[in-house]
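So you can see what is in the structure, the chains are spelled out below.
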Amino acid sequence: MSKYYLDYLEQLESEAIHIMREVAGQFEKPALLFSGGKDSITLVRLAEKAFRPGKFPFPLVHIDTGHNFREALDYRDNMVKQMGEKLIVRYVEDTIKEKKLAEPKGKFASRNALQTYTLLDTIEEFGFDACIGGARRDEEKARAKERIFSVRDEFGSWDPKLQRPELWNIYNGKIHKGENVRCFPISNWTELDVWNYIKKENIPLPSIYFAHERECVVTNQNQLIAVSDFIQIEPSDKIVKKKVRYRTVGDMTCTAAVESDASTIDDIVKEIAISRLSERGETRIDDQVSEAAMEDRKKGGYF
Amino acid sequence: MDILRFITAGSVDDGKSTLIGRLLYDSKSILADQLAAIEKQSKNKDKGEIDLAILTDGLRAEREQGITIDVAYKYFSTPKRKFIIADAPGHIQYTRNMVTGASNSDLVVILIDARKGVIEQTKRHSIIASLLALPHVVVAINKMDLVNYDEKVYNQIVTDYKNIQEQLGIKNPRFIPISALSGENIVDPSANMKWYKGGTLITILENVELKNDINLTDARFPVQYVIRPQTDDLHDYRGYAGKLTSGILKVGDKISVLPAGHKSTIKLIEKDGKPVDEAFAPQSVIVHLADEIDISRGDVIVREGNEPTVTQDIEVLLCWMDAKAMEVGSKYLIQHNNKQIRCAVKGIEYKLDVNTLEKQTSVAAAQLNDVCKVTLKTARPIAVDSYAKLRTNGGAVLIDETSYVTVGACIIQ
Numbered sequence: 001m002s003k004y005y006l007d008y009l010e011q012l013e014s015e016a017i018h019i020m021r022e023v024a025g026q027f028e029k030p031a032l033l034f035s036g037g038k039d040s041i042t043l044v045r046l047a048e049k050a051f052r053p054g055k056f057p058f059p060l061v062h063i064d065t066g067h068n069f070r071e072a073l074d075y076r077d078n079m080v081k082q083m084g085e086k087l088i089v090r091y092v093e094d095t096i097k098e099k100k101l102a103e104p105k106g107k108f109a110s111r112n113a114l115q116t117y118t119l120l121d122t123i124e125e126f127g128f129d130a131c132i133g134g135a136r137r138d139e140e141k142a143r144a145k146e147r148i149f150s151v152r153d154e155f156g157s158w159d160p161k162l163q164r165p166e167l168w169n170i171y172n173g174k175i176h177k178g179e180n181v182r183c184f185p186i187s188n189w190t191e192l193d194v195w196n197y198i199k200k201e202n203i204p205l206p207s208i209y210f211a212h213e214r215e216c217v218v219t220n221q222n223q224l225i226a227v228s229d230f231i232q233i234e235p236s237d238k239i240v241k242k243k244v245r246y247r248t249v250g251d252m253t254c255t256a257a258v259e260s261d262a263s264t265i266d267d268i269v270k271e272i273a274i275s276r277l278s279e280r281g282e283t284r285i286d287d288q289v290s291e292a293a294m295e296d297r298k299k300g301g302y303f
Numbered sequence: 001m002d003i004l005r006f007i008t009a010g011s012v013d014d015g016k017s018t019l020i021g022r023l024l025y026d027s028k029s030i031l032a033d034q035l036a037a038i039e040k041q042s043k044n045k046d047k048g049e050i051d052l053a054i055l056t057d058g059l060r061a062e063r064e065q066g067i068t069i070d071v072a073y074k075y076f077s078t079p080k081r082k083f084i085i086a087d088a089p090g091h092i093q094y095t096r097n098m099v100t101g102a103s104n105s106d107l108v109v110i111l112i113d114a115r116k117g118v119i120e121q122t123k124r125h126s127i128i129a130s131l132l133a134l135p136h137v138v139v140a141i142n143k144m145d146l147v148n149y150d151e152k153v154y155n156q157i158v159t160d161y162k163n164i165q166e167q168l169g170i171k172n173p174r175f176i177p178i179s180a181l182s183g184e185n186i187v188d189p190s191a192n193m194k195w196y197k198g199g200t201l202i203t204i205l206e207n208v209e210l211k212n213d214i215n216l217t218d219a220r221f222p223v224q225y226v227i228r229p230q231t232d233d234l235h236d237y238r239g240y241a242g243k244l245t246s247g248i249l250k251v252g253d254k255i256s257v258l259p260a261g262h263k264s265t266i267k268l269i270e271k272d273g274k275p276v277d278e279a280f281a282p283q284s285v286i287v288h289l290a291d292e293i294d295i296s297r298g299d300v301i302v303r304e305g306n307e308p309t310v311t312q313d314i315e316v317l318l319c320w321m322d323a324k325a326m327e328v329g330s331k332y333l334i335q336h337n338n339k340q341i342r343c344a345v346k347g348i349e350y351k352l353d354v355n356t357l358e359k360q361t362s363v364a365a366a367q368l369n370d371v372c373k374v375t376l377k378t379a380r381p382i383a384v385d386s387y388a389k390l391r392t393n394g395g396a397v398l399i400d401e402t403s404y405v406t407v408g409a410c411i412i413q
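Protein sequences, first through last, are from chains A and B. Taking the working numbering, the leading residue of the first sequence gets 1, the next gets one more, and so forth. Taking the working numbering, the leading residue of the second sequence gets 1, the next gets one more, and so forth.
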């Protein structure tokens, strides 16, 4: 093998660093949306590679639904303290009170849609012109069609039919006042690529990604939702104690755990490689509402 | 393991989406829940047939109208390679999408319907692949099941294509007879076409040699961002961050910074925070120079003696991508790598018919999907290579000055 050879992870890494630096170079007030999940943790590592020994040219922004896993929040706070980067947290709870929003009903209701309001308010509050996010095109079919630089109007809306052609490695981030761009450096990564990268880079993760004992409610679709203060337990509920881990980190109310013994990154990579279910299909209750659930949310300003 | 990026080109009924669905399905990249969703939507689900084309139809309008309106990206891997597919629509009004998808691809799979043979769209797709200098071309003759797997039909199409390939600008295409619908010669060999001795489509995709496609001769390092921590311990730190789009840079290399032409020497190269002796394309690194010279985003660092052309007058083949026509005299922003400057259209030399390669002169405007040879004047000098010489430094886009929409793709001559 020639010494001038990059393997697929190195190629993906370099592409992502290039995109991050384009964001830094093109925008006045960018932000990195950080959720505490593995994809945004990967983004943080890529930002370190792109900008160290300098500081990040953007703050980390967390839109807190109030239904987070404690472990993910602890990880977030710890990470930010160690890195010395700026973290901005805005709460969906506050938006609900301020705007008197109706909370979605139902036991495993998701605040995912409400998150959009808080996100748009936060963008306005700080005047962010670009938001870096960890969305991947392999996640979902509407995402498969979105550009790496995705221009959103004042309302945060995505218009799939009016996307700018994106050619070569040229990213056109020119926008009018009030518009903003969502930038997706790991668009071309798959779930397995992310895990392989985490393994290669030895990136620490919140503990909920690894197998642990947990009390869960069994849903009608046989999914496992953690017992927490956010869910009202009824006598008819079937509660089980299982060894589980999380494949994605979302709200405690609508993110399902998977049964697993995987306690190391190696185990997880093996498990994902042979999994017969997609990440969102297996773990996100909110994506299963309709065929176009994600498309509709994106049009409404969601990531 | 490396990455192959490819595009599939075919007209509406050539079975392009079915082919992609088949590649994903047979390489076991479709997961059980995704399959369940497809089965639910398949028209002939009662007969046990699933419609693999549904996999690539992402948006509601596409599902409703049964068409593909934009480039969709799909991912799969085999133990040998990671694959990124750009699925670009084939209808005529969406030529811009094929240009977009092809711009980042290493290979194109051109689909031909065995019943129809080489038609106008085959030529158009080949010409676009040639204009965008895709290094590898596979011509897949699909729907062989509908012509009784007849070797003669296949051979005739191969001959027809070979007769015009030179004229279309296609070098060394590979040919393969397939049936995407029944999954023959895609991942599994066909029992009905034993006369075909070549490999399946997936073996071709897995084994195409990619390492020669990266240019390691002409170093081009567009500066994206200047890193200046300005802290007490890093007071004098000044690093130029960017991605080497081609070539190799070594510590000690004498360099020029273009377009200004300042000279210096590379003092240090950093990757992942550590010093390295050299960097090569397509790595992202930080470069430090021996002299304090004025460098900012948009400048390009190159090796002295191997320099791109610094000019304000550029000739391009322009693929027009906007509904609003481009007229001679109009002004735009041109973005080349990460540099954006104003430019004006000085003249249209000819319009190229992408179906026939005929050149039409005396053209006053370029309409959506037109390809024209155009001269541009930029407001300040830019450092460019011809696309034919260096694909990674020979492409640019035009941006509308008021809407900021990307309206044209420039292939620099």
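Calculated from the structure, these hints are not laboratory results. For clarity, every value in this text was computed on a predicted model and none was experimentally measured. Note that CB positions come from ideal geometry on N, CA and C, so glycine has one too. Among the hints, a few may not be true.
Claimed, not checked - Covered stretches of chain A, going by a simulated chain B footprint (3 or more residues, C-beta under 8 Å):
no., segment
1, 7-14
2, 118-131
Said to hold, decoys possible - Below, a sample of chain A positions facing chain B; criterion: calculated Cβ distance under 8 Å:
no., residue
3, Ser2
4, Ala24
5, Asn78
6, Lys81
7, Glu166
8, Lys270
Going through the hints against the structure:
1. Counting residues of the segment 7-14 of chain A whose CB falls under 8 Å from any CB of chain B gives 7; the rule of at least 3 is met.
2. For a cut-off of 8 Å, the count of residues in the segment 118-131 of chain A with a CB near a CB of chain B stands at 0, and the three-residue condition is violated.
3. The interface hint given for Ser2 of chain A holds, since its Cβ lies 6 Å from the closest Cβ of chain B, which is under the 8 Å cut-off.
4. Interface restraint check: Ala24 of chain A against chain B, minimum CB-CB distance 5 Å, threshold 8 Å, status holds.
5. Given hint, Asn78 of chain A at the interface with chain B, is violated; its Cβ is 21 Å from that chain's nearest Cβ, farther than 8 Å.
6. The closest approach between the C-beta of Lys81 of chain A and any C-beta of chain B is roughly 18 Å, which is over the 8 Å cut-off, so the hint fails.
7. For Glu166 of chain A, the shortest C-beta to C-beta distance to chain B is roughly 6 Å, which falls under 8 Å, so the interface hint holds.
8. Interface hint status for Lys270 of chain A: violated, as the beta-carbon distance to the closest one in chain B is roughly 14 Å, over 8 Å.
In summary, the numbered hints that this structure violates are 2, 5, 6 and 8.
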